[in-house]
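Enquirer: Mind docking chain B on chain A? Use the hints.
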Amino acid sequence: MAKVLVAGVYLADVPTWVTDIVPTLSATTQHSVTQRWIALWRGPVGIRPVPDTVLSVQGPAPKFELLNQVLQDADAFDWVIVADDDVIIPASWLDSYLALVDRFDFALSQPARTRDSFIDHRIVAQAPGLLARRTRFVEIGPVFCIRRDALPLLVPFETDVGMGWGLDFIWPMRLEKSGMRIGIVDAAPVAHSLRKQVQLYEHSEAHQARLRLLDRVPHLSRSEAFRVLESYPDA
Amino acid sequence: MLEGTVPEIAAILTTRDRGQHLPRVLAGLWRQSLAFERFEVIVVDDGSADDTIAVLEALGQGLPLRVFRQKASGMAAARNLGVLAARAPIVVLMDDDDAPDPWLLETHLNAHWRESDPAMAVLGHISLDPTIAALPLMRHVTEVGCQLFAYGQFRPGQVLDYTAFRSEHISCKRYLLLEHGLFDPDLTAGCEDIELGWRLRPRGLRVIYEPTARSVMFRAMTFDEFCHRSMQQGRSQWHFHAKHATRQVRSYCEIDTCLSAWEREGARFEEVIARARSLDETASNASRDMPLDGSFAAIQDAAYREAFFLCRAKGLAEASR
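Protein chains in written order, with the working numbering: chain A, 23 to 257; chain B, 38 to 358.
Chain A on its own, in the form it takes in the complex:
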């Protein structure tokens, strides 16, 4: 039985699926799950009875800095799953997902996105006929998963990255240098269909933060990152 930490930020005063996500992830029979959710209010901080809310803040606030606050003891867990509040996670997802990332030895991974999802980078779309793909890209959301031995390379997240744009082009270089594998799991997808990316924060601000980050940190180009290195066919 692995120890799993789920960390996420939810928007407290707009429609969200966090109330479905929390019980779905807790329903695992194979792992011990701890959840730490941060409520982000656009207006004054209020009360919202979402279980496992450990922090309430008034936004806008940089997501990855907030996450750092609840990941300080992340190395006490075997897996850390970072989740947004606008995904549909199927029942029993956690058990099947972790079985696959363990089987394919992914230190950093994410579920593929169902094809009805909002998708910016086409490589994350669910590929039919595959269990998983070893890739050079794992997007910064809406869900990603870090194995304990990869935590020192990724966490705490850089504090000046705002919404995290650009991290996904840095992470693969760091992990590859350490001989770690990253991948996308097609057989345990999630739907990212509640709201389109960049609806509730400033695109230009996030873009500028990305440029600053990539200017100073070695990273892959988009063509280098959007690569499948191996495919693992469904039986």
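It is possible that some hints are incorrect.
Claimed, not checked - Simulated pairs of lysine to any residue, SDA-like, Cα-Cα distance not exceeding 25 angstroms:
{"id": "1", "chain 1": "A", "residue 1": "LYS199", "chain 2": "A", "residue 2": "SER215"}
{"id": "2", "chain 1": "B", "residue 1": "LYS108", "chain 2": "A", "residue 2": "SER139"}
{"id": "3", "chain 1": "A", "residue 1": "LYS25", "chain 2": "A", "residue 2": "PRO37"}
{"id": "4", "chain 1": "B", "residue 1": "LYS210", "chain 2": "A", "residue 2": "ARG137"}
{"id": "5", "chain 1": "A", "residue 1": "LYS199", "chain 2": "B", "residue 2": "THR42"}
To be clear, the hints were calculated from the coordinates, so they are not data collected in a lab.
Expert: Below, chain B without anything else, positioned relative to chain A:
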């Protein structure tokens, strides 16, 4: 660095259960004019149940070739996997029954060097192997009815529209597909290439016909195979139109023509197919022994044309229900 020199061009070969044909395709890749470090071959096996993997292991040794596998999911999904697996900035999509000419990859590469337009695609030319070119059906579908190839309508260097984005022999920048559109895996019956071409139109897609980029189709199709292909084409055209319900797509797919033809002629379907099949058998046997006269060929062509059109109309009408 994890990987060595980045190749300049990738041949993406998608295949299923064509182990017996792959030696000839691989032989063509072995003979490419480009040095091996300048290209790569990505083979995506779409769930073959035959000896495809064994053939690739035996004959791919020494080629800059990597094999990716997926459970049978269709050519659109396979091509997407191939594009995502490629390292090279230019990708050439190929069929598994076409043998590439030795200069194929170099010709595509040069065409992209000549024009750096990121939205330019290069349509190569497929001719029939002499062993199958004289077969009545193959002659009809490539020269008369042009249901399979219509190269005779194009001029070298001609700029064509999205309908020429034909995945059996086309190249483009990998970047174009990564950033602006991959194939729709839901279109499993076909038409996924033209549908992608349609989506790439707003990105400025231009397809340039380059007849010196050549490959040779060496697998003859039977009459029943072509009927099946035509029905699949009708189905896929309906799905293409359902996804992009515009007047242009409706017209290209001949939705109204097919639906009304099926309503009018559907009752005659079996009779039309039986007659065309019988003529095909007569013509095939005769072409082996002695040439048939021109009037028979004209009757034959009319029968093929009607049969394949009605098959397409049937597929489309069934999909529309």
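Enquirer: Which earlier hints turn out false for this structure, listed by number in ascending order?
Expert: The structure conflicts with hints 1 and 3, although it agrees with all the remaining ones.
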